[in-house]
Amino acid sequence: MAKLPVSEEKIIDQFGPHKHYPPLGGFKGVSNPDKLVKTHCCFCGMQCGIQLKVKDNKVVGFEPWKEFIFNEGRLCPKGVQRYLQNNHPDRLQTPYKRVEGVGFVPIEWEEAMSKVVSEIQRIQKQYGNDAFAMLSGVSLTNEKSYLHGKFARVALKTKNLDYNGRLCMVSAGAGNKKAFGLDRASNNWSDLKHAEVIMVAGANVSETFPTLTYPIWEARDNGAKLIVVDPRVVPFARTADLHLDLRPGTDSALFGAILKVLVDNNWIDKDFIENYTSGFEDTVASIQDHTLEWAEKVTGVSAEKIYKAAEMWGKAKTSFALHARGIEHHTKGVDNVVSMINLVLATGRIGKPYCGYATITGQGNGQGGREQGHKCDQLPGNRDIENPEHRKYIAEVWGINEADLPGKGLSAHEIIHAIHRGEIKGLLSICFNPLVSLPNSNYVREALEKLEFYVAIDFFLSETGRYADIVLAGSLHEEEDGTVTTAEGRVVRINQVVTPPGKARKDSEIIKEIARRLGSGDKFNFENSEAIFNEMRVASKGGTADYYGITYEKIEKNMGVFWPCPSLDHPGTPRLWEDRKFRTPDGKAHFNPAPYRLSAEMPDEEYPIILTTGRVVSQYLSGSQTRRIGKLVDQYPEPLLEIHPELAAKYGIQQGDLIRVKTRRGEVTLPANVVATIRKDTVFIPYHWGGCHSANLLTNDSLDPVSKIPEFKVCACKLENTKEKAPDSKLSNAYQSFSH
Amino acid sequence: MVTTEYNKNMQFFTDMQRCIGCHACEVACAECETNGQDTMIHIHYVDRANTIQTTMQVCMHCDDPVCANVCPANAIVKNANGVVLSANTSRCFGCSNCVMSCPFGVPIKKEESELMMKCNMCYDRTGAGLRPMCATVCPSNALFYGTPEDIEERRPHSTPVNKFIIGEQEIITKVNVMMPKGSTELTIH
Amino acid sequence: MAKSENTLSRSALVKAIIASVLLIILVFLGSGNFRELDAALIPYLLGVILAVFGITYRLSVWLQRPPTRLYWKRMGKLSLAHPIKFIQLLFRNLIFQKFIYSRGKDRWIGHFLMSIGCIAAFGVTIPLTFGWIGFVLKSGSLTGYEAHMFGFKAMSFQLGSFIAYMLFHVLIFCSIAVIIGAMIMLRRRMTEEGLVATQTFEGDLLPLLLIIAVAATGLGIAFDYMFLDGKVHQFMSVTHAVTVILFLLWIPFGKFIHIVQRPMQIGVNIYKMEGEKQGMAVCPLTKEEFATKMHIADLKEVTLETGFDFRLKNGDNHLNYSPEGKRSLLAKAHLKAREDAGSYFG
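Chains as they are written, first to last, in the numbering used here: chain A, 1136 to 1875; chain B, 139 to 327; chain C, 4 to 349.
Calculated from the structure, these hints are not laboratory results.
Please note that the accuracy of each hint is not assured.
If you want a taste of the chain C side facing chain B, the calculated C-beta under 8 Å gives, among others [stated by the list, open to error]:
1) Pro70
2) Thr71
3) Ser105
4) Gly282
5) Met297
6) His298
7) Arg330
8) Leu332
9) Arg341
Computed list of lysine to aspartate or glutamate pairs in DMTMM-like fashion (alpha-carbon distance at most 20 Å, straight line) [said to hold, decoys possible]:
10) Lys303(C) to Glu306(B)
11) Lys280(C) to Glu249(B)
12) Lys108(C) to Asp176(B)
13) Lys1440(A) to Asp1424(A)
14) Lys1173(A) to Glu169(B)
15) Lys1232(A) to Glu1245(A)
16) Lys301(B) to Asp312(C)
17) Lys1815(A) to Glu169(B)
18) Lys88(C) to Glu250(B)
19) Lys1585(A) to Glu1549(A)
20) Lys1154(A) to Glu169(B)
21) Lys1163(A) to Glu342(C)
22) Lys1527(A) to Glu1670(A)
23) Lys339(C) to Asp1376(A)
24) Lys216(B) to Asp207(C)
25) Lys335(C) to Glu323(B)
26) Lys248(B) to Glu279(C)
27) Lys1360(A) to Glu342(C)
28) Lys301(B) to Asp343(C)
29) Lys1190(A) to Glu169(B)
30) Lys1360(A) to Asp343(C)
31) Lys248(B) to Glu291(C)
32) Lys1232(A) to Glu1648(A)
33) Lys1201(A) to Glu169(B)
34) Lys88(C) to Glu249(B)
35) Lys1163(A) to Asp176(B)
Beta carbons: idealized from backbone N, C-alpha and C, even for Gly.
Based on the sequences and whatever the hints tell you, model everything.
Structure below.
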């Protein structure tokens, strides 16, 4: 039933995205604000410190927070402009209901809540509890992540809860658990400072984590060599000591070949391998055919460069390995991760100063959000929902029978499949925009149209929210207290800066109210965010992600505390594995064989070109927030197809030509950006836009068998030159995401 | 915000090869209250078809500013701290002499307003002892504002240079560009 | 930089004296050998003569600067060649000040009210002061007036007629416009934080206060005449004279000099228009048009005259590059220096 109630144009007219600019001379009160509140940026896992200026309960500007230890005032353009999401004309300020032919009509909370609850009860009665699913977001605080995990299992009584970290962190998480038995960056960024070599794979640090650039530059000033693994010359790769421009999807081949060189040249730490690891022999055996010559053919990187990388890595005394979505968004995302970790373990450079390894968390609370239990297979403290002991402990904390605690549910994209199959009929989503962020968007849209009831909690009406029956106006990052855990594993405080505008409510208030109406009010009697955090501390106690010793007061005093922090007198753990006691069952770090295998869809005669996707610096994920900020839109107004001049010449493509890109799942038409900074066999499209400009109309929804992450980074496509010139980017209005 | 004086020991250091083209400086510049949402810093690709290289350019605050010399309206002045201020709005009549003759391509002509504007080194901030907006937010320290001792410690392989050679012409500036150790000047042509 | 402004310039002094003497001669001729001069306005006359002396001196010094001189020369010629455009721009830029509108609407309203009030008021009072115009009762009539211009009768009108009302109240309207305009500008200067940070009292606030004082005391004279039967006429006329003369004398030295500099903007526009006809300069690096060829050629001259030589050994000139081209050149030179030193990074 949930098709759009009126035309897309009408919805966009009312709810945006509209570009928001500050007035000439800034907002009123920008130089005499009522207060200056220290908090963090809402975008990306760096969680840069920032101070927001408040006048009359509105955020009117910002001031760099130069004392905050990680970023010292440094910000990216998203951070500088983040304050504009507050006080935004598109902001949802009241609940709405969908009225066919009319659009979204404002209603009172009472009407909205009773409709939501009666629909949940109707669907669950008719089809069973699991027929109502919940999708959560990982830009949310630890408190909300915890609350949603508990809400879905205790109040909604469904097993089908998953989160958009499924598109982000899960391959890294699974890889880390396999190798170390614990899912967290092993080191904090200060260990970059004196690393002799830094290898960054599949992480466009300069655009996706711009503020991490400075620590890397600082290390280079101290003599570090920088190796960047990326199919494109991303900005920070331009001056790198070595740039390995590999073919997308061949990361494990590259790492396998490097490991073989390390072993063959004996650039390994035998003592470490022998005493503290397992699985080395099997792993080495699995890559015996990963010779340099073979690797050159598979990866497209010259044998000489691969050897050079191995030599730089092998001969160094200290090192830091970093990776992000570039190696994780694959059907072999976990393999890629463990194959990089194998290089770290082989050289024994972990758990010591300036010897590090980290995945760079993408979303604002990508780290914390994946520990507090709003993942389909997980309970708070990064516990396993299928482990009887873990279930027992959490059931106790929540005061329920273990038997009533649902089991493992479906992952995000599997929920979409289940809707198609008719198994899931109802959906509650919060801060998740799957219509833009999941692969194969046509398929996702059809699923949304099949739902019997869909309620979306959000602060802006996202592309996905347009398909909702009821929209509940929730809260922005700066409208509720809480904590997030940065990519380093540092738990920091998010301060409430202003109260939600109009009739909008705090997310946690909305969830608590639904829980109360579903009859579980007694389990959700939290007075404030700190009360949720305190219960979460207890729930995490003894788990791998142990927050028990962290309090609001302690965070504020120390500018953050690193988990694990098992007791109140514990200082936190900035660097893991100094004790060499890994959290795997045998207490050792694990090598994992991950020989190269093909991506799910390889180029062929019909679809001869590799398509890969990624981000630009001015936009964040599905763009639901950043496509509403005027200057960020203007910086990169519409997605462009990056293509090498040689490949372009084959199709007679010139700069600015409109190119139709087709895959087995869909097509989009985009202007060509002919640049020599990409491989000749690969094209690139950034994915922040919805509608007819969406890269995810094209991408492949094959999943990694372990992590269930979709393969955003490799699929096969073909190009058609329309022979038309692209119109002025100002006219395309791509940021508004029309479907036609 | 504690208001103090202009700190004479602080200097501006830039390094184009550290720029990652993120535009944080550009949007932050516009947040300065004196600019009225106009940005004064330049950031752009150098030759996008062939390289991802970007460059950012603040006003170099020349010792003997060409812009002030060629201004027919006498609208541009250098203040006591060596900061070359943006055109006096009541005097400037928008001739663009400064725009076209600045050797670093810094001033901007606001066509609608028939007015020249340029980077003031955030005089409202630096005049109160704060760092300029762009150099505060720059995530790569391609723009850096600090003491000479600080930069020497942070950048052991580079030397600040403030002498630029264009043909026979030598330009001395207040703002430094970080160059390979031992450099004394940067020859543009 | 601006050296000439601080030392006494003999030639400017001579020009200023000539201008002042010329003005006295014109007043002499226009007022029927001083016969039509209004004795009460003599102090104002002296103020105007001193202001003309100061302004001429200041402008002459200003025009000695190479860039200004060049512009002056070009603009004089071009303006004569484009009379229609000149008049168009006169209205757009000087009367309506469209360029201020884009800097802010309030700002434009304030400035427009202030400037139109000042211009209209001076348009009336200066010819009165010079004795160039005057109003006299028609002989033998109690209600008929005659307007005299340069000693000759220009028109006549009846007391109580619309024309009479307008003529006798124009200064009141001007004063009100000026006060409202100045108040808007003053409010802006008190509340906009960016301005508060950079303005100075004598440079920005005092001129506004002075203008308000001139208009308020002028209104005071009318108020006294209309409602107080001239009881405070003496006081009002003295304070008005003092503020007006201060205003006049201050024109050459402070912010008000822009009133006489601003017409240059008309020339700038014509210069650009004419330059576009003659052809645009294309940057060798960005391959884009960026300025008129005439402008770049003139700047090569002006920079040389002011002591900057941007000629390159290969016959090229740094000024042939657009601003973006110049920035890219610097970045490329910097990259090359890094490359030569063995690393892109350091």
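query: Can we keep the Thr71(C) interface hint, with Cβ of chain B closer than 8 Å?
result: 4 Å, holds
field: Straight-line alpha-carbon gap Lys1163(A) to Glu342(C), limit 20 Å
entry: 48 Å, violated
20 Å limit on alpha-carbon distance, applied to hinted pair Lys280(C) and Glu249(B): 19 Å, holds
- prompt: Given the hint that Lys248(B) pairs with Glu279(C), does the C-alpha gap stay at or below 20 Å?
  reply: 18 Å, holds
message: Holds or violated: Lys108(C) and Asp176(B), Cα atoms, limit 20 Å.
response: Holds, because 16 Å separates the two Cα atoms, which is no more than 20 Å.
- prompt: Would the pair Lys1232(A) and Glu1648(A) pass a check requiring their Cα atoms to be no farther apart than 20 Å?
  reply: Holds: Lys1232(A) and Glu1648(A) sit about 18 Å apart, inside 20 Å.
task: With a cut-off of 20 Å on the C-alpha distance, tell me whether Lys1190(A) and Glu169(B) pass.
output: Holds, because 16 Å separates the two Cα atoms, which is no more than 20 Å.
field: Restraint satisfaction for Gly282(C) [CB to CB of chain B, less than 8 Å]
entry: Hint violated; Gly282(C) Cβ to chain B Cβ min 15 Å, cut 8 Å.
message: Lys339(C) and Asp1376(A) were given as a pair; does the straight-line alpha-carbon distance stay at or below 20 Å?
response: 16 Å, holds
- prompt: Should the interface hint for Met297(C) be scored as holding, given a Cβ-Cβ cut-off of 8 Å against chain B?
  reply: Violated: closest Cβ of chain B sits about 11 Å from Met297(C), beyond 8 Å.
- request: Verify the proposed pairing of Lys1163(A) with Asp176(B), using a straight-line Cα cut of 20 Å.
  value: 17 Å, holds
query: Does Lys1815(A) pair with Glu169(B) here, judged by a C-alpha cut-off of 20 Å?
result: It is violated: about 41 Å lies between the C-alpha atoms, which goes past 20 Å.
Consistency note: the structure conflicts with the earlier hints numbered 4, 5, 17 and 21.
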